[in-house]
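K.L.:
Chains as they are written, first to last, in numbering that gives the first Met the number 0: chain A, 0 to 173; chain G, 0 to 310.
Don't take each hint at face value.
[To be verified] One-sided and incomplete, this derived list gives chain G residues near chain A with beta-carbon spacing under 8 Å:
1. LEU8
2. THR9
3. GLY11
4. LEU21
5. LEU26
6. ALA30
7. HIS33
8. VAL215
[Unchecked claim] Derived coverage of chain A by chain G (criterion: at least 3 residues anywhere in the stretch with Cβ under 8 Å from a Cβ of chain G; other residues may be distant):
9. 10 to 20
10. 140 to 149
It should be emphasised that the hints constitute simulated quantities derived from the structure, not laboratory data. Bear in mind that the values here come from a model prediction, so they are computed numbers and not experimental data. Glycine included, each C-beta is placed from N, C-alpha and C at the ideal position.
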Amino acid sequence: MRGRNTFDGLDAFVAERGDALLATAVLLTGSRAAGDDLVQSALERLMRNWHRMSGDPEGYLRRTMYHLAVDDWRRRRRRPEVFAPTEPAPQPDGTDTLDLRGALVQALGTLPPRQRAVLVLRYWEQLTEAEAAAVLGCSVGTVKSTASRGLARLRDVTAAWAVEETHTRNGVAS
Amino acid sequence: MTTDLERELTAGMAERVASVRLGGDVLVAAARRHRRRVVARRAASATGTLTVAGAVLVVAIGGGPAGPAAPPPGAVSPGATSPAVIAELPTVAFVAARVDAAVSNTGDVVQHVVSQVTFDGQTSQSETWFDTVTGAQRIVGADSPSSPRRDQAMAEASPGGNVVTTVVDFASRTWWTETFPPRSAGEGPYVGGGLLGTTPSDVRDSLTGASESWTVVGPAELDGRATICLRRDFKDDAPGTGGSEQIWVDAETYDVLRTQAEKATPGIRMTVRSDFSELARTPDALANLTVVPPAGFTRVPPPVSAPEGVG
């Protein structure tokens with residue numbers, strides 16, 4: 000148990016892990032400003048429960064961020080402001096791979112919150128399906144089906160990019 | 000099996016966030032948001048338990064705002080605290096006791112706090128109004144330069160009844176209202192998305208709770224008013240991290256007038272300043288407690304917070 004009214008060690012923890020937390024938050028929200036706000040909200044939740052916490056607070060913060068992101072968006076139906084419809088470049092050029100990646104991240108922001116959260120957990124956090132299910136409080140089957148739908152949507156949105164051709168053209172092993 | 004699409008998605012995510020760095024103001028803003036929530040909870044019972052407690056305290060220490068029955072050795076007497084005649088500095092304990100008495104005897108007023116955060120060359124400002132009679136409060140502004148600007152108010156629909164919050168979010172040009180059950184047993188509602196601002200009660204708590212860490216700097220003039228300035232310095236464990244806090248209290252009434260905190264970590268410097276005043280409960284002052292959504296803003300359902308026990 001920690002002290003009720005003090006946050007000893009939180010400064011150092013945020014200094015060490017804050018960038019990583021913000022990275023996840025930016026991917027979940029789609030913008031830097033919204034990511035800052037999400038991290039701030041999660042930190043405030045941590046402070047509320049600080050006296051009950053023991054051990055590493057990072058797991059708590061990450062779970063809180065995912066729950067806040069999914070629940071908040073579900074109710075408010077708010078879309079990140081920065082995402083716009085994804086259009087492929089008119090002519091392929093040497094930046095195709097980078098453009099595709101950008102398009103995928105943009106398309107990520109158009110997904111429903113839970114699909115977005117699952118993809119961030121699986122492909123950014125590199126969690127297993129079971130670990131992602133534990134974070135979101137759902138079954139492994141739900142994670143599988145949600146990830147599958149999310150990837151299918153990304154595939155549809157970016158179909159025009161011809162992934163295989165792009166990779167071949169840029170010499171990336173497939 | 001990992002597909003090309005999955006690999007490109009992972010790489011795209013890494014590129015998207017490669018350069019993001021968390022600003023030091025986020026933690027400070029979270030702390031102030033937390034403090035705001037605590038204040039809101041206190042506000043929830045301010046017209047009940049706390050007021051009674053304050054009254055009991057006043058009776059216990061002498062029945063009036065004059066504070067302690069006798070000043071500690073070395074302190075000036077209450078009658079001699081006029082700024083022009085401060086011949087020797089009062090002790091921190093004496094000032095803390097007087098501030099405690101002044102806060103406990105706050106009358107029927109609207110407390111007004113203007114707070115500024117300067118971080119990385121940018122400044123944000125917020126204003127808070129708090130009605131000591133009804134517990135209603137309103138906060139306008141942004142927690143920090145990187146936080147969204149909001150206008151939010153909280154008030155009981157009727158004395159002891161449901162609590163209604165109204166929030167205007169300027170970034171999304173939306174607003175919403177939310178109704179909470181009557182407050183009870185220390186579980187008051189939270190006005191939502193905390194903003195800047197602390198209260199004289201917080202300053203009192205800081206002074207009385209750790210008076211040994213403060214020193215009396217001396218008399219000082221603040222916007223034409225005679226004040227007593229107190230200061231404490233702190234240093235965190237991390238190398239190059241530390242700062243200072245200062246408090247200015249009126250030299251006659253011991254009302255808290257200003258606080259200023261400065262904190263520095265390697266490469267980051269932040270200043271948070273709050274100015275306090277009390278307004279008579281005139282119609283104009285009470286009007287500050289009401290949020291009016293701007294024309295053209297869209298009303299939306301209230302957001303839902305994650306459960307307290309997440310994790």
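K.L.:
For each hint, tell me whether it holds in the structure or not.
P.N.:
Hint by hint, here is what the structure shows:
1. Hint on G/LEU8 holds. Least Cβ distance to chain A is approximately 5 Å, under the 8 Å limit.
2. Restraint check, G/THR9 versus chain A: the minimum CB separation of about 5 Å is within 8 Å; hint holds.
3. The interface hint given for G/GLY11 holds, since its Cβ lies 3 Å from the closest Cβ of chain A, which is under the 8 Å cut-off.
4. Interface hint at G/LEU21: satisfied, since its Cβ lies 3 Å from the closest Cβ of chain A, which is below the 8 Å cut-off.
5. Contact between G/LEU26 and chain A, as hinted, is supported at the beta carbon level, the nearest pair being about 5 Å apart and thus within 8 Å.
6. At its closest, the beta carbon of G/ALA30 sits 7 Å from a beta carbon of chain A; the interface hint therefore holds under the 8 Å criterion.
7. For G/HIS33, the interface hint holds, the least distance from its beta-carbon to any beta-carbon of chain A being 4 Å, beneath 8 Å.
8. For G/VAL215, the interface hint is violated, since its Cβ never comes within 8 Å of a Cβ in chain A; the closest pair sits about 25 Å apart.
9. Requiring three or more residues with a Cβ within less than 8 Å of a Cβ of chain G, the coverage given for the region 10 to 20 of chain A holds, as 7 such residues are present.
10. Coverage of the region 140 to 149 of chain A by chain G is violated. Counting CB-CB distances below 8 Å, 0 residues qualify, and the rule asks for three or more.
Violation of the numbered hints given earlier is confined to hints 8, 10; the remaining hints are satisfied by the structure.
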